[in-house]
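A.B. asks: Construct all of the structure, not just a fragment, from the sequences and the given hints.
Chains as they are written, first to last, in our numbering: chain A, 912 to 1201; chain B, 912 to 1201; chain C, 912 to 1201; chain D, 912 to 1201.
Derived from the structure by calculation, the hints contain no laboratory data.
Only a predicted model underlies this, so the values are computations on that prediction, with no experimental measurement involved.
All residues carry an ideal CB built from backbone N, CA and C; glycine is no exception.
It is possible that part of the hints are untrue.
[As the list claims (entries may be wrong)] According to the in silico footprint, chain B covers these stretches of chain C (three or more CB under 8 Å from chain B):
1) 938-947
2) 951-964
[Unchecked claim] Result set (DSSO-like, lysine-lysine): computed pairs, CA atoms no more than 30 Å apart in a straight line:
3) D:K1196 <-> D:K932
4) C:K932 <-> C:K1196
5) C:K932 <-> B:K932
6) A:K1013 <-> A:K1065
7) B:K1196 <-> B:K932
8) A:K932 <-> D:K932
One-letter residues, chain by chain:
There are 4 protein chains.
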Amino acid sequence: MASSTPPRRTASLLIDCPDAKGLVASVSGFLYQHGANILHSDQHRDDEQGLFFMRNEWDLADFALDEPAFAAAFTPLAARFGMNWRVEYSSNPLRVAILVSKQLHCLSDLLERFSTHDLPGELRLVLSNHDDAGPLTRFHGVRFERIPVTPADKAGAERSQIGILLEEGVDLIVLARYMQVLSGDFVARFPGRIINVHHSFLPAFSGARPYHAAHQRGVKLIGATSHYVTEVLDDGPIIEQDVVRVSHRDSVAGMIRQGRDVERVVLSRAVRWHLEHRILAYSNKTVIFD
Amino acid sequence: MASSTPPRRTASLLIDCPDAKGLVASVSGFLYQHGANILHSDQHRDDEQGLFFMRNEWDLADFALDEPAFAAAFTPLAARFGMNWRVEYSSNPLRVAILVSKQLHCLSDLLERFSTHDLPGELRLVLSNHDDAGPLTRFHGVRFERIPVTPADKAGAERSQIGILLEEGVDLIVLARYMQVLSGDFVARFPGRIINVHHSFLPAFSGARPYHAAHQRGVKLIGATSHYVTEVLDDGPIIEQDVVRVSHRDSVAGMIRQGRDVERVVLSRAVRWHLEHRILAYSNKTVIFD
Amino acid sequence: MASSTPPRRTASLLIDCPDAKGLVASVSGFLYQHGANILHSDQHRDDEQGLFFMRNEWDLADFALDEPAFAAAFTPLAARFGMNWRVEYSSNPLRVAILVSKQLHCLSDLLERFSTHDLPGELRLVLSNHDDAGPLTRFHGVRFERIPVTPADKAGAERSQIGILLEEGVDLIVLARYMQVLSGDFVARFPGRIINVHHSFLPAFSGARPYHAAHQRGVKLIGATSHYVTEVLDDGPIIEQDVVRVSHRDSVAGMIRQGRDVERVVLSRAVRWHLEHRILAYSNKTVIFD
Amino acid sequence: MASSTPPRRTASLLIDCPDAKGLVASVSGFLYQHGANILHSDQHRDDEQGLFFMRNEWDLADFALDEPAFAAAFTPLAARFGMNWRVEYSSNPLRVAILVSKQLHCLSDLLERFSTHDLPGELRLVLSNHDDAGPLTRFHGVRFERIPVTPADKAGAERSQIGILLEEGVDLIVLARYMQVLSGDFVARFPGRIINVHHSFLPAFSGARPYHAAHQRGVKLIGATSHYVTEVLDDGPIIEQDVVRVSHRDSVAGMIRQGRDVERVVLSRAVRWHLEHRILAYSNKTVIFD
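C.D. replies: If you want it as structure tokens, here you go:
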């Protein structure tokens, strides 16, 4: 079907390093020399900070290097330019966990996208502090675990969560309207691997009850923001944002309802780009490669 | 929950008639005189055609007239102005059927909205010419019927469909990416009561394979349109449209994927407004009341 | 021309008061009784605060009451419901002053709109703390005054400005990227009659250099906001907002450039709605009537 | 100023050719070898048609090749891959003419952008079949010529226009709501060098009076399209499109008014990208390079 992941095996190389002459020539020369058939190539230069970012995705069909051989061959070039780099293979789809509370609109949307292979990763489990998400999750054949979170034993709950996440070998954690704040310890276990959707156009209305705050301020557009989670609440690198028009006629309930449509879209785009290895985060920002 | 339908019982009066002085005064005077506590009131004048449109929604708590009494009392006033009118009661939610083929993204979205009471109607059944939609529909506790449609026996299939729709007393039929063209006879059985989503920004790219046509034409935005179904394909009154930005980088498959997000939103808005009795269609257009 | 103000003479009645039964009936009955041919009528109820807002615009051709007669006849009704009200006549277009500094994109846009009668008011003068705006303003036949503003004599400059504004009988002051903060005294002289455009999506990035702040935060949309000026900087009732998509590729300069397109549109819409008497401000919000 | 063209001298190389392995490596290797400090590099592959497109912009400060030397050195590489290519130098800004009729909103906007150096080209003249645009054009110090166009002598008028355009050495012709259809001969003289703005979301509502057609069809969004002019009316490669929301309340005049804001933005973006050498047209589409 048109929307399914193409069966061809590809590799994606992501690089960031200080900007220098000859970077594109060296990297594309290296890939060409080893038989890469480039499918996508995108670069970005941050002139202010003097940084260079690059993503190349190529078909592995004629490529001469397997994973260990690539590392051996590429390391000298990477060292010359001081690169941070990694290669991701489409044959190793990322393993995903979704954390959710009682509102299921984002979860429902993501379940549909994973089950139709609209999203390329492997959804391993859904974790919740409530029961509500259980039936739909299990209908889709996905493992569901309820781990209650109480003020008294939040640390214990997080230990249980982390245990299951490690057991499933989870690469990406998606907070699909998960209403608990993760501890710094939890976040530090999964750096750059937790995506949250916040129901406002950040940095406006961070924190609790953003639709109420937006209603009170009388804004004419409401938004949603997907971002990587860092130790500072609602402050991590923004991945995607979108808005919808509201008016004086919209009650808080109406804003909540319309906001859900934006939340779904904004979160699913962020998850897609992460799973396609299209995002590099730096300086609390993101580069989204084409 | 914040987004659920409020439990208060309301009535909605929809009027269209030739424009004249005193219309608002007469109608609002009538409602006031019988104790209506107005919640929403909206009017529209079409200056070109000299037409007047009005919707009033009021709380029934203190209202003096029940359904038959309302008709008896309002008829003389309606006659004086030559009004078409109807009253809808929130205690009689509309009964809805969804027709779907193999693509389930709109269906999945609507099932979630009905099951969380985000949409106010009563979803009675899902009809399909394929089996794919069965499991999810039944998971949500909704009746599912498969009626195969073959070129040889399309008329017979439509008879079966109509039979079930009448049996369930369906008020609104939603074509959620249903890939069969309904016959004129079918459409005539449910005038102004069939909503379709077309996967283009109508009137551009009507007919089959609109994303392919949009890709070939090199447009920079793609859209979706929800509209009432008439006997002319993709030509009925437009209810809602929206777009999303694309670029030369987007393949047809990418357009299809991004288009799905627009289809979902555009269709669900149209269904909501119809179920809330906010739409009046005339001259192949729609008035959407606030 | 299609876009010019129609020559018919109209009156607009704006009302706000505590919500009560019979408000629409009473007001529309009053207007009907005196021969008003209603062109636009719009209401809003703020359920939380129990407030009612209404705007009626009617053709004066057959209307029985002139300005003093209207006040005499309407006052008892207004008193009964505790209304704040005012009537505006299209034959008395508002007199407008624009304050601007060195960036002329909003001014240039507004001058074009006033000179083609796309905007209904009467532009009386342009005030600036610099010379840059002089030639274009004078080309359009509009009075231009430069009043330098220095930290040492800001109060004196404001006295001069106020003198000219009063001399011209200005009803509306538009800050078209005027880079000086007005004193509380100045603002208090023109309550609800000063419109500013702020170059961010408020409440995000209030204060100075919002595009720099947006760039640093890595947002994916930038916006602009038009609002009434109050004594608190960037905090008055929001009239209109809009956004444009940006990416990691956009430098601060690129954001500034794209932001200008949003500023122009957002400011000109606010000015239009004010001049058409479509705005009621309350609780630091605005109702924008249809 | 933040938005002005940076003074550094750059070159932009645009390439299109059949896709092949080693293209990026060869081109970037060539540029590196001659000392190019790359500022922007963007590629696109059209998988369906097997085509490759590339744009590189580099700082000329350390670049070893002047214009003739570049051609000599690059030709063998270009021949090997079957490239169409050209180099554009920022020191040779394009010369622009604007054609306009009686509606001046796009012209006014472009004049402001050229005069503040927001747009990088050199505006040489404004041509019109009417007098209206004369004063504002001359105010900005730009040559204005009126050439009346009559049905009887359209060919003669075009000969006069072409004469002046050639005399001024014009590289780009911008139709800023110019209401005459250019002949095939005229278009053929300036292939890929005429940009028009059409006041609809093409391909919907091509031809005359698109806002009237949109109003009649009852669409919920109206748009504008900038595109290269070809011999087929409103059918050339689309450069940019945008839309604005309308409702049943909007008259044709209201649509015209709101549409103007979209026309301005959509046209000025197309002009900017052309002047920055960011557009490649092929197969009646455009690639817009980052």
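A.B. asks: If a hint holds in the structure, say so; if it doesn't, say that too.
C.D. replies: Against the structure, the hints come out as follows:
no.	hint	result
1	938-947	holds (count 7)
2	951-964	holds (count 5)
3	D:K1196 <-> D:K932	holds, 24 Å
4	C:K932 <-> C:K1196	holds, 24 Å
5	C:K932 <-> B:K932	holds, 22 Å
6	A:K1013 <-> A:K1065	holds, 18 Å
7	B:K1196 <-> B:K932	holds, 24 Å
8	A:K932 <-> D:K932	holds, 22 Å
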